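Engineer: Chains as they are written, first to last, in my numbering: chain A, 1 to 280; chain B, 1 to 280; chain C, 1 to 280.
Careful: at least some of the hints might be erroneous.
Note that the list lumps identical chains together, so a pair holds whenever it fits in one copy or between two copies.
What the hints assert, rightly or not - Listed below are the simulated SDA-like cross-link pairs for lysine to any residue, each with C-alpha atoms no more than 25 Å apart in a straight line:
id, residue 1, residue 2
1, 168, 15
2, 79, 167
3, 103, 18
4, 103, 75
5, 72, 17
6, 84, 221
These are calculated hints, taken from the structure and not from any lab test. Bear in mind that the values here come from a model prediction, so they are computed numbers and not experimental data.
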Amino acid sequence: MSLTASVSERADAVRAAAPLVHCITNYVTVESCANAVLAAGASPIMSDEPDDVDDITSICGALVLNIGTLNKQTIAGMKVAGAKAAELGHPIVLDPVGAGASKLRTATACELLDTLPVALVRGNMSEIKALAGNAAATQGVDVNPSDAVCDEDDIAEAAVFARDFAAKAGCVVAITGPIDIVADATRAFAVRNGSPLQGRITGSGCMLSALCGAYAACAGDAMLEAALAAVVHMGAAGQEAEARMGDADGTGSYHTYLMDAISRATGASLAEAAAVAEVA
Amino acid sequence: MSLTASVSERADAVRAAAPLVHCITNYVTVESCANAVLAAGASPIMSDEPDDVDDITSICGALVLNIGTLNKQTIAGMKVAGAKAAELGHPIVLDPVGAGASKLRTATACELLDTLPVALVRGNMSEIKALAGNAAATQGVDVNPSDAVCDEDDIAEAAVFARDFAAKAGCVVAITGPIDIVADATRAFAVRNGSPLQGRITGSGCMLSALCGAYAACAGDAMLEAALAAVVHMGAAGQEAEARMGDADGTGSYHTYLMDAISRATGASLAEAAAVAEVA
Amino acid sequence: MSLTASVSERADAVRAAAPLVHCITNYVTVESCANAVLAAGASPIMSDEPDDVDDITSICGALVLNIGTLNKQTIAGMKVAGAKAAELGHPIVLDPVGAGASKLRTATACELLDTLPVALVRGNMSEIKALAGNAAATQGVDVNPSDAVCDEDDIAEAAVFARDFAAKAGCVVAITGPIDIVADATRAFAVRNGSPLQGRITGSGCMLSALCGAYAACAGDAMLEAALAAVVHMGAAGQEAEARMGDADGTGSYHTYLMDAISRATGASLAEAAAVAEVA
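Work out the full structure: start from the sequences and follow the hints.
Structural biologist: Written out as structure tokens, the structure reads:
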């Protein structure tokens with residue numbers, strides 16, 4: 001199957017299956033994450049209480065762990081939910097928000113990655129480097145500009161790093177930025193969808209990780225293709241939203257247009273918009 | 001007084017009184033809930049710390065308890081706030097988000113309902129069935145399609161169930177879905193306002209429960225009429241928002257239009273839009 | 001430098017420096033706060049876990065403490081973060097949401113103000129009066145109408161109060177309302193920017209406090225000028241958003257337009273919009 005046909009098929013599968021997605025995510029962008037999951041045709045449920053997550057994750061099809069505003073209770077909830085998802089064979093998506101920016105974030109993300117059968121990690125390059133044990137210099141929750149994959153020269157090196165990380169971590173990785181890199185241990189893809197305006201609102205990364213949960217729930221064995229489709233979904237929506245910006249519009253309208261575009265995307269529209277290429 | 005005159009009077013009463021509404025609600029949709037309360041002309045205050053809620057609920061006119069992201073601390077806060085509201089005679093609105101989806105949610109909602117003088121319960125049919133002790137199969141935070149009240153054939157049975165639940169629980173119940181059922185122990189009403197787009201964003205139910213708090217604060221002895229007016233307010237806004245959707249719009253714009261419509265509604269506009277009928 | 005030139009310079013400095021701002025803020029308006037900081041050209045990071053805040057605040061340029069949904073854990077986080085910011089000489093902005101409405105809120109705000117070298121307090125008049133030990137009657141999180149600075153007659157008295165408060169607290173104070181008063185121990189300014197619609201959405205005050213954090217991070221010794229510029233930024237955006245309201249628009253659209261306007265403001269546009277006068 002062609003890459004674009006695969007993207008199309010994955011997006012339609014999410015709308016057809018409407019999976020429940022259990023999200024333990026930060027309180028900053030949680031409403032946008034829930035709306036993004038709904039916009040893609042899936043259904044979110046948020047629960048972080050350790051005594052609640054076992055039941056909740058059991059009725060879901062995937063689990064998203066996002067450490068954006070981690071605290072001791074939610075970390076405990078993540079571990080309980082992760083163990084249950086592992087037991088049930090539900091795919092787990094990890095968003096290591098701010099890994100590299102604090103010891104607790106780096107250690108928590110690494111522990112979750114080491115102890116749970118994570119299926120997909122989605123982060124910016126600084127965060128993924130921090131997980132890989134590299135000397136990372138994450139700038140808060142933003143990528144360090146020196147880490148970002150911005151042009152052709154960066155892609156080959158990033159692809160090697162991504163495949164290597166995926167091999168060691170035993171999962172798929174989606175490293176998003178100006179150019180996104182999605183890889184498993186053997187294959188890497190560059191995605192040239194997206195808009196610089198996505199970085200001017202909070203939650204673009206978190207929403208994508210939540211979308212990854214929806215796609216992962218329907219992925220079966222095709223986790224790489226599912227991650228790729230989710231990245232295209234978000235990036236294409238980012239572009240469509242940018243194209244709609246009017247003279248008086250700013251970041252508030254952009255946020256609205258982005259959600260509109262996520263909700264309007266179809267398999268066919270994403271296949272048309274997808275700018276994906278394999279990296280040797 | 002006619003039903004529509006009652007809706008009109010209730011909506012105007014909220015704008016005239018501008019009551020303070022204490023909300024202990026989930027962190028997913030909390031900003032939308034606060035904005036919905038403001039949009040209806042009331043004023044929200046959120047507080048869940050057990051050491052804070054006593055003072056806060058004392059200065060308010062109603063208390064809304066929403067268990068959407070319950071945790072041990074907020075449950076403790078709900079109990080303290082509920083006891084104080086009970087002592088002061090403030091109406092309590094309960095939204096049992098996800099009851100039936102986990103043991104903790106079902107048990108917590110039942111405990112709050114059993115131990116507090118709840119004035120109004122607002123949920124979807126799966127959640128209310130879970131509270132009633134029926135074998136419920138809540139799908140996460142969504143209604144199980146087999147439970148939803150969708151057409152004329154479902155209404156009579158739902159009305160019987162609702163009146164029975166209201167009698168046993170000693171409160172008013174608003175069961176929302178494609179067709180909403182609002183009942184006390186002796187009377188039940190079907191509301192045919194609303195839009196299917198409300199289910200495509202997060203928080204429609206939570207916002208309605210918060211609105212119920214604003215209406216309950218001004219209800220006096222007319223809790224059934226107040227609940228009915230709140231349900232009409234939300235449903236009419238949902239329809240108005242749908243009517244405004246343009247070619248490029250999606251769920252982001254719908255959310256904005258919905259809040260716009262909540263904020264623009266008046267007693268007169270709601271009386272005109274109300275599609276309410278008593279169910280024998 | 002003229003007042004308007006100073007506003008312009010401060011706004012441009014934030015966009016040029018793009019400081020990281022550590023926010024420990026309530027979960028109601030946190031996404032809007034993060035988006036407001038981004039809209040002003042800075043970068044927010046939210047973290048309240050006591051074991052995380054030390055590292056996070058170290059990499060930031062300012063710390064914002066907002067007690068809107070305080071609980072024991074976030075209070076502990078505020079103290080740890082505040083001590084670290086103090087050690088590093090980072091400016092601290094305090095938003096005493098609801099001070100006067102509960103004993104815990106008043107006591108927490110006073111303790112933070114007394115024990116930390118707070119650079120700037122931003123609140124409504126009822127909240128600031130509560131901090132000053134006056135008999136305050138905060139209405140939930142809203143100003144008591146009898147406290148609000150609404151016309152010329154109120155300004156002189158408010159300016160005296162503000163300068164006195166600033167002198168005693170050893171910081172700059174921004175008291176916002178229909179007319180805003182910004183003062184240090186020796187000078188006070190009245191700002192006549194803003195729109196009544198800001199009070200019809202949640203988070204106008206919180207967003208301003210978050211903006212104050214961005215401006216404070218670039219303030220150097222000019223904290224009064226920085227606070228003034230932040231207040232003008234929010235107020236001018238509030239006016240621009242109001243001017244854009246169409247026939248079908250309500251508070252949902254207003255929120256979007258407000259964020260749009262915050263993000264589109266430049267030093268030049270703010271200098272042109274600024275309605276600032278010193279109060280003798």
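Engineer: Does each hint fit the structure? Answer for all of them.
Structural biologist: Evaluated hints:
1. 168 <-> 15: neither (32 Å within a copy, 40 Å between copies)
2. 79 <-> 167: Intra 23 Å, inter 42 Å, cutoff 25 Å: intra-copy only.
3. 103 <-> 18: This pair counts as between: shortest inter-copy Cα distance 24 Å, intra-copy 37 Å.
4. 103 <-> 75: both (14 Å within a copy, 21 Å between copies)
5. 72 <-> 17: neither (34 Å within a copy, 33 Å between copies)
6. 84 <-> 221: The answer is within: 20 Å in one copy meets 25 Å, while 47 Å across copies does not.
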